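S.K.: Sequence:
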Amino acid sequence: MKILFYGAGVLGSLYAARLQEAGQDVPILARGRRLADLKEHGVVLREATGTGKRTATRVGVVERLAQEDAYDLVVVIVRKNQLPSVLPALAGNGHTPDVLFMLNNAAGPRQIVDALGKERVLLGFPVAAGWREGHEVRHLVLPGWLQRMQKTPLGELDGRTSPRLGRIMGAFRVAGIPVEASPNMDAWLKTHASVVVPLELAVQAAGADVRRLSRTRDALVLLARAMRENLMVLRALGAPVTPGSLRMLAWLPEPLLASLLGRFFDTEFTEMGLGTHADDPLDELAQLAGELGDLSRAAGVPTPAADRLRGHLDPAAPPIPDGSARIPMDQHAAVVAALGAAVGALVVLRRSRSR
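For the sequence shown, UniProt numbering gives the first residue as 1, with consecutive numbering after it.
Just so you know, these hints were derived from the structure itself, not from any lab.
Computed from a prediction, not measured in an experiment: that's the story for all the values here.
Beta carbons are placed, not taken as given, at the ideal position from N, Cα and C, and that holds for glycine.
Hints are supplied without guarantee of correctness; some may be wrong.
Stated by the list, open to error - Simulated crosslink set (DSSO-like; lysine-lysine; CA at most 30 Å straight-line): (1) K151 / K53; (2) K151 / K118; (3) K118 / K80; (4) K151 / K2; (5) K151 / K80; (6) K2 / K118; (7) K80 / K2; (8) K53 / K39; (9) K39 / K2; (10) K39 / K80; (11) K2 / K53.
Claimed, not checked - Have a look at the derived ranges for each label pair, beta carbon to beta carbon: (12) L237 / Q67: 35 to 45 Å; (13) G92 / V195: 34 to 44 Å; (14) A286 / H95: 34 to 44 Å; (15) Q331 / A298: 30 to 40 Å; (16) G32 / G300: 43 to 53 Å; (17) R263 / A56: 28 to 38 Å; (18) R164 / D283: 27 to 37 Å; (19) R263 / E68: 52 to 62 Å.
Required output: the full structure, derived from the provided sequences and hints.
M.R.: See below:
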């Protein structure tokens, strides 16, 4: 397959290199300094964890997508706020039948469909993390068993498993990229934003310091509540929480969830994955937070914790004090959970005695 990657950032570079190494013809659209780096060095990947393995993959490089250019597939991996500048070139190119959009999107695919038509559009998301250091891409490598769980979701707008989706998934698998067909990519993307946007806003609320966030209970409580509020919005709109494992965020006792989040942030792996982005421009985060706000208003569901975290997009907003623990936690859910566990234990005990 001839696959154009529209976007030469960390994730576009990572996926493009893997597919090129697997025998696909994969040019990358790039501009400016990144264009020069790719021409001189190729895609240089270095593992940020594990062995620190370094690879260099030569790829084709183009500066624009012309109307007459023909590809089997275009993969778009850009920041959501960059999407409006990308759509005109894609719409003007009539020789590429399939365009796979792999980017954050809480607003739904209407903007994309209106520009390209629904028959050309597929959705997905790049499940990977990394950052750039000069011309190198540093990427995080999970342990083997976690890699098997880290599958890149891809899907048709209507959720069906089409022949073209099968071909794309096959190319990804040959490249060693675990993939899965999603029956509802729109819900997947909305769920992802509902969890990840509050998470990144909480980092900002803690002064862009991941370790500080891990020990600041008030920020963790706001994060836990904001994620729950966003998932309540999705349920009110009839969008299923996807993947289903994230439904646990709705019923885990708040003290337990805050504690688990604190442990999550207090790791070197999380600090590398999030801390390296703490100083990135907040334009995409602001866009996604606004999209979640639009969903909240459409559903008529208030989101006070999410709104409070959103306020930390303002550079003038003071961070939550280091170690602050002034917000009372909701103990009601914890009591209910404890009572449920106690009742369950009694039932098991009685059954065992009756045998």
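S.K.: Does each hint fit the structure? Answer for all of them.
M.R.: Verification of the hints:
1. Distance check on the hinted pair: K151 and K53 sit about 22 Å apart at the alpha-carbon level, within 30 Å; holds.
2. A distance of roughly 25 Å separates the Cα atoms of K151 and K118; the hinted pair therefore holds under the 30 Å criterion.
3. Note on K118 and K80: the hinted pairing holds, with a Cα-Cα distance of about 19 Å set against a maximum of 30 Å.
4. Under the criterion of a C-alpha separation no larger than 30 Å, the hint pairing K151 with K2 is consistent with the structure, at around 23 Å.
5. Simply put, K151 and K80 have alpha-carbon atoms about 21 Å apart, close enough for the 30 Å limit, and the pair holds.
6. Our distance criterion of 30 Å between C-alpha atoms is met by K2 and K118, whose separation comes to about 21 Å.
7. At roughly 25 Å between alpha-carbon atoms, K80 and K2 fall within 30 Å of each other, so this suggested pair holds.
8. For a cut-off of 30 Å, the pair hint linking K53 to K39 stands: about 22 Å separates their Cα positions.
9. Restraint check: the Cα-Cα separation between K39 and K2 comes to about 19 Å, which is no more than 30 Å; the hinted pair holds.
10. This hinted pair checks out: K39 and K80 have alpha carbons roughly 26 Å apart, not beyond 30 Å.
11. Between the alpha carbons of K2 and K53 the distance comes to roughly 27 Å, so the proposed pair stays at or under 30 Å and holds.
12. Between L237 and Q67, the C-beta spacing of about 38 Å keeps the proposed range 35 to 45 Å intact.
13. The supplied range of 34 to 44 Å is met by G92 and V195, whose beta-carbon atoms lie about 35 Å from each other.
14. One distance hint, 34 to 44 Å for the beta-carbon pair A286 and H95, holds here, with the actual separation near 35 Å.
15. Restraint check, Q331 to A298: a C-beta distance of roughly 32 Å satisfies the suggested window 30 to 40 Å.
16. One distance hint, 43 to 53 Å for the beta-carbon pair G32 and G300, holds here, with the actual separation near 44 Å.
17. Taken as a hint, the range 28 to 38 Å holds for the pair R263 and A56, whose Cβ atoms sit roughly 37 Å apart.
18. At about 32 Å, the beta-carbon gap between R164 and D283 stays in the expected band of 27 to 37 Å.
19. For R263 paired with E68, a C-beta distance near 54 Å keeps the hint of 52 to 62 Å intact.
Hint compliance for this structure: every hint is met.
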